[in-house]
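Chemist: Each chain, written out:
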Amino acid sequence: MNEMFGAYTVFYREMMLLRKKLPGFFAGSIVGPLLYLMAFGWSLGRNIQLGGVTYLDFVVPGILAVSAMNGSYNATGASLNISRLYHRSFEEFLVAPIGVWSIVLGNVLGGCMRGLFSSAVILIMSYLFGAHLQCNLYFIITLFLTCFLFASLGVVAAMVVNSHEEMANFGTFVILPMSFLCGTFFQLDVLPPIASNIIMLLPLTHSAIALRAIALGAGFPLTSFLIVTVYSIVLFGFGIWVTYRVE
Amino acid sequence: MIEICGLCKSYGQIKALDHLSLTINQGEVFGLLGPNGAGKTTTFRLLTTLARPTAGKVFISGQEVNRHSVKVKKEFGVVPQQLTLDSDLTARENLVLHGMLHKIPGREMSIRIRELLALVELENRSQSPVNEFSGGMKRRLMIARAMMQRPSILFLDEPTAGLDPQVRRQIWDLLRRLNIQGVTVLLTTHYIEEAEQICSRVGILNQGKLIALGTPDELKAKVGKVVVEVPNQCGTEYRVFENREAAARYIAELDRDALVRESSLEDVFIELTGRKVGE
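First to last, the protein sequences are chains D and C.
Counted from 1, the first sequence has number 23 at position 23 by our numbering; the numbering is strictly sequential.
Just so we're on the same page, our numbering is the position in the second sequence counted from 1, plus 1000.
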């Protein structure tokens, strides 16, 4: 119970900081997806059919997956990296009488909130653009798991790298390629088998597949859902381990 | 009581701390004095679980210190050298978050925040964002934050580094008041005056090793009570004497002016290492 309160305190701090910067965060979280929606959805989406649906309906779950990933990864990765290496405020948690897993859980849940907030903004915008998507409980759970997974990855990256430059490189070499390659904007079967097989190993691919299947009413994508769940658990555990070892 | 047993910390081939063994008694103001790179901050980080030792152990009130030791962490407050406050939050919000981390109940928390902001003379700035504070105000707020949970021990790493002399004295007064209230204080410093003014006992660190330990008076008595500084072509020559009469006899034989003063911990350091604390 003590530990849960510790995690809640870390989460509460994240929410306090979010509240202080809400207008900036809101503006920052809509620019990218708005451009995606305009470029891929508005201009192309009404005229192209993909997999039996309009391109707009096809692409919005992909944009949501990307946005959930970026929102939650940046929330923990950038914020923790700066607070660990620059402000050093992360040390306030390390010396507090709470377990390491509370610190990680609180930060990851804070990252999830930011990721979900960004996703909600896009979801509302996509309806305004004329998308037809099912947003049921399974969809929300999958979106939350996607946020949890990438917020955990953000913790791992922030604890492992030792400079802001390395953190930026991690984003460039890991996060950015996933944004474009993981079946977010196109169907993977157009790629050569070897490329699509490699991409199928990446977690965002399964987030996009699962979100798209649920949103378009194509049944519950159990395999992709389980893969996202396993990735989330493994990365969260790894996040605890690297946080315990960080100095 | 803090017991440090054979504490070592290496970064690759570099030994930042080399078999430090030390006992700090309850109610002391203990200073770890030394130049940059002596191992002071390393010791601070090891004592507060921010770093893991390569070898050796630390015990606080008989319990071993490590990052998982939640019970031990309740015993001490920590004031790092960097300003680790959330600068976007207000002074009060920073204290509330710290209080929550230590599970201080709401009503007690409000009382405690009022008490501590009064103690550090920031009661009128409780709703101001920390990024509007001066360096001295931030440092005082950090001390208040570290005292939220009523710890029996306060660890401070270079608590007055970069502060002007007036603010430095405010911090010293604050630490004295806390010590009178029963708090054991362990601080690191490279300011000789700080160690002499507020520390009841001092350990001198050099290149990761403890080279002297005692009260400031004991340490100074080891080198002599009176110092004569004689300028020469190469810099300044220091001579230490047991009393003023011996110093006067020496000066009478000189063919130039010399400065006579009481010995300080700096002289102890020079005597032990052959260099000044700041070098």
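Keep in mind the hints are simulated off the structure, nothing from the lab.
Keep in mind it's a predicted model, so treat the numbers as computed, not measured.
Worth double-checking, as some hints may not be accurate.
[To be verified] Footprint (simulated), chain D over chain C, 3 or more residues, beta carbon under 8 angstroms:
| # | region |
| --- | --- |
| 1 | 1038-1051 |
| 2 | 1086-1092 |
| 3 | 1097-1106 |
Here a beta-carbon is modelled for each residue, glycine too, at the ideal position from N, C-alpha and C.
Chemist: Cut-off 8 angstroms, C-beta pairs, minimum 3 residues; does the coverage of the region 1097-1106 of chain C by chain D stand?
Modeler: holds (count 6)
Chemist: With a C-beta cutoff of 8 angstroms, work out whether three or more residues of the region 1038-1051 of chain C approach chain D closely enough for the coverage to hold.
Modeler: Contact hint for the region 1038-1051 of chain C vs chain D: holds, 5 residues under 8 angstroms.
Chemist: Under a C-beta cut-off of less than 8 angstroms, do 3 or more residues of the region 1086-1092 of chain C approach chain D closely enough to confirm the stated coverage?
Modeler: As far as the region 1086-1092 of chain C goes, the hint holds, because 4 residues have Cβ atoms under 8 angstroms from chain D.
Consistency with the previously given hints is maintained throughout, with no hint failing.
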